[in-house]
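Trainee: Each chain is listed here by its residues.
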Amino acid sequence: MTLLSVEDLGVSYGGIRAVKGISLSLDKGSIVALIGANGAGKSTTLRAVSGLTEASGRVTFDGEDITDLPPHDRVSRGISQVPEGRRIFGRLSVRENIEVGALHRRDRAKIAADFEHVLKLFPRLKERLRQVAGTLSGGEQQMLAMARSLMSAPRVLLLDEPSMGLAPQMVAQVFSVIEDLKGEGLAILLVEQNAIAALEISSRGYVLESGEITLSDSGRALIDHPGVRKAYLG
Amino acid sequence: MAEEIGAAAATIVPSLPTRLRQRWADWYRRATWVDLFLAVVRIVILVAVCAGVLNTLVSQRYSATEWFSFIAFGLTIGGIYALIALGYTMVYGILRMINFAHGDVMAAGTFAGYFAATVIDRHGLIDSAPLAALVGTMIAAAACSALLSLFVERIAYRPFLHVRSLAPLICAIGVSFVIEYSLRGFFGTGNRAYPDWRPFEGSIDIAGVGVPKLQLLSITAAIVLMLALHVVVNHTRLGKAMRAVSEDRDAAALCGIDVGKVITLTFVLGGALAGVAGVLYALVFKQIAAFTGFFLGIKGFGAAVLGGIGNVPGAMIGGFVLGLVESTGPALFLDGLGIAAPFQLRDVVAFSMLVMVLVFRPQGLLGERLAAKRA
Chain A
1 MTLLSVEDLG
11 VSYGGIRAVK
21 GISLSLDKGS
31 IVALIGANGA
41 GKSTTLRAVS
51 GLTEASGRVT
61 FDGEDITDLP
71 PHDRVSRGIS
81 QVPEGRRIFG
91 RLSVRENIEV
101 GALHRRDRAK
111 IAADFEHVLK
121 LFPRLKERLR
131 QVAGTLSGGE
141 QQMLAMARSL
151 MSAPRVLLLD
161 EPSMGLAPQM
171 VAQVFSVIED
181 LKGEGLAILL
191 VEQNAIAALE
201 ISSRGYVLES
211 GEITLSDSGR
221 ALIDHPGVRK
231 AYLG
Chain B
1 MAEEIGAAAA
11 TIVPSLPTRL
21 RQRWADWYRR
31 ATWVDLFLAV
41 VRIVILVAVC
51 AGVLNTLVSQ
61 RYSATEWFSF
71 IAFGLTIGGI
81 YALIALGYTM
91 VYGILRMINF
101 AHGDVMAAGT
111 FAGYFAATVI
121 DRHGLIDSAP
131 LAALVGTMIA
141 AAACSALLSL
151 FVERIAYRPF
161 LHVRSLAPLI
171 CAIGVSFVIE
181 YSLRGFFGTG
191 NRAYPDWRPF
201 EGSIDIAGVG
211 VPKLQLLSIT
221 AAIVLMLALH
231 VVVNHTRLGK
241 AMRAVSEDRD
251 AAALCGIDVG
261 KVITLTFVLG
271 GALAGVAGVL
281 YALVFKQIAA
291 FTGFFLGIKG
301 FGAAVLGGIG
311 NVPGAMIGGF
321 VLGLVESTGP
331 ALFLDGLGIA
341 APFQLRDVVA
351 FSMLVMVLVF
361 RPQGLLGERL
371 AAKRA
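Protein chains in written order, with this note's numbering: chain A, 1 to 234; chain B, 1 to 375.
If we strip away everything but chain B, and leave its shape as in the complex, we get (with noise of 0.2 Å):
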C-alpha cells in the first residue's frame, strides 16, 4: 500500500523540472489517501516548527549563553543516551531482538556505582583522586552490569537460539521486572544520590560561557567510550566477528566463529557500556532510583530506533539527536508558539520526534531500508 514515493525511474533522461514534474505526477498517481495525509501531516508539523522556531529567534527570548547551554545539556544527555542505545542495537544486529532488560540491567549497574562511590568517598578518595576513583566507580557499575547481561542472555536468550519464537523478548520482558523489584526491595523506592565529587563541581568558562564540569566529562567519556567500540567492532577479531555473525549466523558458524560466545560478549559489552553510562547519568542527575532503568531504557531504545537499529554509528548518532532535540526542542520552538510551560514538555518534544521519524523514515537516520534487509 505504501508505495515508495517517486521510485520511477525514467528510462529516458530529461530536463531537471520535466524529471521533477514527473516524478510529482508519478507520486500523485500512486498516492493513498494515506500518503496524502501524511503530506499534509508533514507539512503543518514543518510550518509549525519552522513558524516557533521564527518567532522564537526573532523575540530574542534567550540570550546565547542560555542556547549555548541548552546546547551542551543536550550533548551531555544525548551522549548518555547514545552510550545505552548501542547495547539495543549491538544485540539487535546480531539476534533481530530487542533486549527489554537492558534499561534494568543499567539501572543495576548504577545501584552497584553507588555503593563503589560511597566506600571510595569514605576513604577520601574522591578529594584526593577524583579521576581515578571516577574511573572506579564506572569500573564497578561496568562489571555489575556486564555481568547481569550475561545472565539476561543466558536466561532469556540463549535457550531459544535456534529456535523461531517470541518467546525471548517475553523473557527479557520477565527479566526486566525481576531486576526492577529486586531493586526496589533491596534499596527501597526513594532516590538515592551518588557522593559530591567535589574537585569536579562548578564550572568551566568556553568562549565566555559556564559549562558545568560534570557535564564537559560526561560528553568526554561518552565521545572516548565510542571511539574505542568503533575501534572494537572494526579493527578487532571480536569485531569482525560480531559483524559476521550479524549479517549471516550460519555463514559465520561454517567460518569458524563460535556464534553462542560472540552473542553472549556482545551482550557483555552493551551491559558494560549500559553501567559507564548510568554512572554519567547519576553524576550529572544526582540521583538514582530502582525505577531509573524503566525511563531511561526506553529513550536509549528510542535513540537506538532513531538512528537506525542494528546500526552502531546510527545509535551514536540518534543519541545525540535525541538530547539535543529534547534539550533545544522546548526553547526552540514550543516556546515560540506561545505553549506555556514549554519544558516540562520535553519528552513530548523528544517521543513526537521520534512517531514523526518512524513514520516519515521507518529504518531510521541511517538504517538500511527494511525490504532491502537480507535481499
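In isolation and in its complexed conformation, chain A is listed as follows (with noise of 0.2 Å):
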C-alpha cells in the first residue's frame, strides 16, 4: 500500500534548479533508499517532502493532497525528518529533547508509552536524561535524534544521512534499529552517503544525479548494477 508518493517534485533555488521534476513512492513497512553524490538533491528532495522547502509538484501522504501545508502540520499528520546533521537543541536537556518531539500531541497516556519504547530502542539515552544535550557524543546525538523524531508518532521516517560522521560499531546500531522501525510497520525514505549499506536493507532504491532520478530498481539488483559499483566502490 503506498503511504506516500511523490510526483514531478522540483525546487529552485533563485533560478538553479536543484530537484528537477522527481517522482518516487514508498510503501507501509518498507524501507526505500535514495543515494547520489554531493549535491545530488538528496537533502533537498527530503526538505521539500517536510515542507521545509517550497517545491513544485505533488506530494501525497495516505491519500491526502499535502502539497500546500505547513512543515508542523505535515509533522502532526505522521511524516516527521531527521534532519541532516542531526541538529538537536544542544541548550536543552535529552529529556526536554525528546518531550520536544511530542510538543504537539495531546494523547499524554500514549506519549508517556512512546516516551518508554524509544528509550527502550536507545537504552544508552536514559542514562543522559538529565544531561544537556550538547554535551553528547556524535553518534548519541544520532540516536537523541531519532527519538526525538520518533516522538512525534510517525507513519512516514525520512532520515538525513544517519551514519555520517559515525564509528562503525555505531553505524551498524543505527542501521539495526532503521530495520527495526521498519518490522514495527513504519515506511522510512533513507538519504545516504553509504549506499552499499542503506541499499542492502531497502526494498527499492533511487540513484539521484544532479536532481534527477538515473536509475531505480530493487535494493539489491542496484548493488549489483556497474554504475553504482562503479560510483560507489571504485
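Keep in mind the hints are simulated off the structure, nothing from the lab.
Don't be surprised by glycine CBs; every beta carbon is placed ideally from N, CA and C.
Each statement offered as a hint is correct.
Derived contacts from chain A toward chain B, CB cut-off under 10 Å, selection only:
1) Asp73
2) Ser80
3) Ala145
4) Leu158
Once you've looked at the hints, go ahead and assemble the two chains, each given alone in its own frame, into the complex.
Mentor: As C-alpha cells, this is what we get:
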C-alpha cells in the first residue's frame, strides 16, 4: 500500500534547479533508499517532502494532497524527518529534546508509552536524560535525533544521512534500529552516502544525479548494478 | 585581531605561579596595541572607580539611610528595566533581531493604563480596592501592549520570516516612529500623571529606614512577573517550544512546532511584560509622555545587552545591575572624585558602564561567546 508518493517534485534555489521533477513512492513497512553524490539533491528532496523548502509538483500522504501544508502540519499527520547533521537542541536536556518531539500531541498516555518505547530502542539515552544534549557524542546525538522524531508518532520517517560521521560500530547499531522500525510498520525514506549499507536494507533504491533520478530498482539489483558499483565501490 | 586573552592551554601542568607567568607572557606576545590600550583603559577606570568609592566612603558624605534608599530606588527602576529587557531578549533569542518598536509598545500600554486608571479612579475604586484597581490597570496596559506587539510582529517581522535581510529592523524603526507620533498626535506632547494611588502612598519602615510603599510594590510586582516568566519558559509547552525555536527554527518545525505561532506568542508575552513595566514606571515617577518609550526602551535594551542578549535570566540580572549602578553610581564614585552635580550624570554612568561591558565582555554578563554560537 502506497503511503507517501511524490510526483514531479521540483525545487529551485534562485534560478538554479536543484531537483528537476522527480517521482518516487514509499510503501508501509518498507525502506526506500535515495542515494547519490554530494549536491545531487537528496537533502533538498527530503526538505521539500517535509515542507521546509517550497517545491513544485505534488506530495501525497495517505491519499491526501499535502503539497501546500506547512511543516508542522505534515508532522502532525505522520511525516517526521531526522535532519542532516542531527540538529538536536544542544542547550536543552536529553529529556527535553525527546519531549519536544511530542509537543504537538495531546494524548498523554500514548506519549508516555512512546517515551518508554524510544528509551528501549536507545537505552544509552536513558542514562543521560538529565544531561544537556550538546554534551552528547555524535552517535548519541544521532540516537537522540531519531528518538525525538519518533516521539511525533510518525508513519513515515525521513532519515537524512543517519550514519554521517559515526564510528562503524555505531553505524551498525543505527542501521539495526532502522530495520527494527521497519518491522514495526514504519515507512522509511533513507538518504545515504553510505550507499551499499543503505541498499542492503532497502526494498527499493533510487539513484539521484544532479536533481534527476537516473536509476531505480530493487536494493539488491542496484548493489549489483555496474554503474552503482563503479560509483560507490570504486 | 582581538585574540582571546590567555587562551593557550599548557600541555604539562606546571605550578600555579609558572602558569600565571606563562599566561601573561603568552598574552603579551599576542597582544596588539589595541589590547594594550584597552588594558590601560581598564586599569585607569578601575583606579578611578576605586578611588572615588574610597573617598566617598571615608568622607562619609552619605548616611546609611541614604544608601539604603539609593539601593531601594535602584531595585525599583532595575525591576522596570528588567521587565522591558525581557521583551527585547526573548524576541532576539527567537529571531536574532532587535525589536526597535518595543519601547514605544510599552509607552502605548502606559497610556492605556493611564486611561484605565483614570476611569477606575472616577469610580472611587482606588480607595476602596487599591490592589484590584492596580491589577486592573496593569491588565489594561498589558493587553494594549500585547496587541500592539502582535501588530508589530505582523507588519514588520512576519513578511520577512524566510528572508535574510535587515528589512525587519528598518520596518520596526518605522513602526516605532508611527507609534510615537501617533501617541503625540492623540495625547499631545505634555506630561500626564497617573491618579495618586492614595492607599499606597507613604512609606514602610524597614530596619529603621523608610522605604516608599510604591517602590516596594513595584519591586515585588517585577519579581513576581519574572518568576512567572521563568516558570513559563522552563516548564510549559510554550516555553519548551520557544527554547526549541530559538535554538534551531527548522529543527523545531520538523518536531511539529508551529514556528510562526511561537514567534507571535513571544512578541505578545514580551509586549504584555512591557505594558506592566510601563504602569510600574508611571506609578513611581508619576508622569508619562508620548516619548517616554524611546528613552525607557533604550534603557531596557541596554539592560538586555548588559545581561547577554537572548538570555532570559541575563535580562533580569542586567536590569537590576543597570538600575543599581544608575542609582548608586553617582553618589558612590562620581561624588568621591569631586565631580559637581553627580546626580545629573546618572545616565552618563549607566551608559558608560554599558560601553565598558561591551568593550570588555561583548557577550554580556551571562551571554555566551559569540563565536560559540551556532557551532
